[in-house]
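Q: Read top to bottom, the protein sequences are chains S and V.
Every letter in the first sequence is one number past the one before it in the numbering used here, and letter 96, counting from 1, is 401.
Every letter in the second sequence is one number past the one before it in the numbering used here, and letter 112, counting from 1, is 110.
Any given hint could be a false lead.
As the list claims (entries may be wrong) - Simulated DEER-style distance windows between Cβ atoms: (1) S:MET306 to V:GLU73: 26 to 32 Å; (2) V:SER44 to S:THR352: 41 to 47 Å; (3) S:ARG390 to V:VAL70: 44 to 50 Å; (4) V:VAL64 to S:ARG348: 45 to 51 Å; (5) S:GLU386 to V:PHE131: 35 to 41 Å; (6) V:PRO60 to S:ILE313: 49 to 55 Å.
Said to hold, decoys possible - Cross-link-like lysine to aspartate or glutamate pairs, in silico, EDC-like; alpha carbons within 20 Å at most: (7) V:LYS100 to S:GLU389; (8) V:LYS100 to S:GLU367; (9) V:LYS100 to V:ASP68; (10) V:LYS168 to V:ASP156.
Hints are computed from structural coordinates only; laboratory data are not their basis.
Glycine included, C-beta positions come from ideal geometry on N, C-alpha and C.
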Amino acid sequence: MYALPPGIAADRLEVTGISCPDCRGVLAVKSEGRDDSLVFECRVQHTYDLAELLAAKEERLEDNFWATITALSELSRLLAELVERGRDHGETAEAVQAYRERAHQVGEQAQALRDIVGGNRPVDLTRTQPGSSAIG
Amino acid sequence: MINDDRVARDVIVIGASAGGVEPLMTLLARLPRDFPAAIGIVLHRSPFYETQLPWVLGRHSPLTVVEPADGVALERGVVYVAPRDQHMLFEAAVVRLDRGPKQHRTRPAIDPLFVSAAAAHGPRVVGVLLSGFGGDGVSGFLSIRAVGGITIVQAPDDAQFPTMPLRALKEDHVSAALSVEEIAAALSVLAPGGALEVGAPRTPA
Chain S
306 MYALPPGIAA DRLEVTGISC PDCRGVLAVK SEGRDDSLVF ECRVQHTYDL AELLAAKEER
366 LEDNFWATIT ALSELSRLLA ELVERGRDHG ETAEAVQAYR ERAHQVGEQA QALRDIVGGN
426 RPVDLTRTQP GSSAIG
Chain V
-1 MINDDRVARD VIVIGASAGG VEPLMTLLAR LPRDFPAAIG IVLHRSPFYE TQLPWVLGRH
59 SPLTVVEPAD GVALERGVVY VAPRDQHMLF EAAVVRLDRG PKQHRTRPAI DPLFVSAAAA
119 HGPRVVGVLL SGFGGDGVSG FLSIRAVGGI TIVQAPDDAQ FPTMPLRALK EDHVSAALSV
179 EEIAAALSVL APGGALEVGA PRTPA
C-alpha cells in the first residue's frame, strides 16, 4: 500500500495510505501553490503541510515507543516482585524461575527500545517547507 | 550579601523559554571575552528545526558560543547551547547530550542541565532563569540550592513572560531577582569568586 497516492493534483483531495496523526482518521492530500506543495487534510480537517506532518508522525512514533517501554518496564518490575514474593507465598520453584527469566527478557527489551529512542535523529525540517526550493 | 564566602562560581547554567532570545543576547553581549566560567544555556525550542541559535545568541558577544557534540570538554569561557531534540548535561569534565524522555513536555529541558550541573559541580554552580512559561527549571533550582549554589531569576517586571521566574520565586528561596543587565554584572562578580551586595527578593503572593 502506498503512503502518497499516484497523481496528486492541485485543489483535488486524493486519499492517502497514511493516517491523521491527531485523530487516526483517513488522511487525504492535494497540492497547492507554485511549488505544488503538499497539503494534507483529514475528515475533520486536521491540516498539515509536509514538515508538520513529518513532525507529527515523529511525535506519534516517540509516544508509541514510550508506551511500549512503559508496558515492558511494568511487566518486568511486576515479574521481578513476584520472584521475591513467590518464595514465601507458595509459588513453585519452576514458576519463580519462569518469572525471573521473563522479567529479564522484557527488561532487556525495554532497555533496547530506550537505546533506539536515544539514537533516533528526526530530519531537520528547516528545508522541508513549501517554497524552500524557490528561495534556496 | 551573596557569596560572602568567596567561592568561585564558575559553572553558570541558564534556562529560558518564550521571550528568552533577547535577554540571552543581551546577557552574552555584556560578558567579557576572558570570562572565567563555563556557561550552559537551554532555550525551549522546536525539536524539528535546525536554527542558527548559537550564532544568533552570540552575535554581539565576545564569547565562543557553540552547540556541543556529545562528550566535548567543559571549558571556561565557552558558552554551550543545548541542540534541538537533546537534553544537555554538565558532567564533571564533559558535556553530555541525551535524547531521553521529554521533561516538562520539552527536549531540551532546563532541569536536566541544572540538576546535572548541581550534582557534578556543587556550590560552584549559578542557575539563572529568564523569561518564559511553565515549571521547567524549578526542580533544577532546588537541586542547585541544595548543594550550596546560587539561583538568580530575571526580575518579573524585566521579563517579557514572567511566569517562569515567578514560579521559581514561589517554589524556591531564590538568591536574587535582577534585570538582565544586573544579572550580567552579577555573574561577572560571582564567577571569579567575588561577593555581591544584593538583597533577597520578595516572595510573590
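Q: For every hint, state whether the structure bears it out.
A: Hint by hint, here is what the structure shows:
{"no.": "1", "hint": "S:MET306 to V:GLU73: 26 to 32 Å", "in the structure": "violated (52 Å)"}
{"no.": "2", "hint": "V:SER44 to S:THR352: 41 to 47 Å", "in the structure": "violated (18 Å)"}
{"no.": "3", "hint": "S:ARG390 to V:VAL70: 44 to 50 Å", "in the structure": "holds (47 Å)"}
{"no.": "4", "hint": "V:VAL64 to S:ARG348: 45 to 51 Å", "in the structure": "holds (46 Å)"}
{"no.": "5", "hint": "S:GLU386 to V:PHE131: 35 to 41 Å", "in the structure": "holds (39 Å)"}
{"no.": "6", "hint": "V:PRO60 to S:ILE313: 49 to 55 Å", "in the structure": "holds (51 Å)"}
{"no.": "7", "hint": "V:LYS100 to S:GLU389", "in the structure": "violated (32 Å)"}
{"no.": "8", "hint": "V:LYS100 to S:GLU367", "in the structure": "holds (10 Å)"}
{"no.": "9", "hint": "V:LYS100 to V:ASP68", "in the structure": "holds (18 Å)"}
{"no.": "10", "hint": "V:LYS168 to V:ASP156", "in the structure": "holds (17 Å)"}
The structure fails to meet hints 1, 2 and 7 from the earlier list, while all remaining hints are met.
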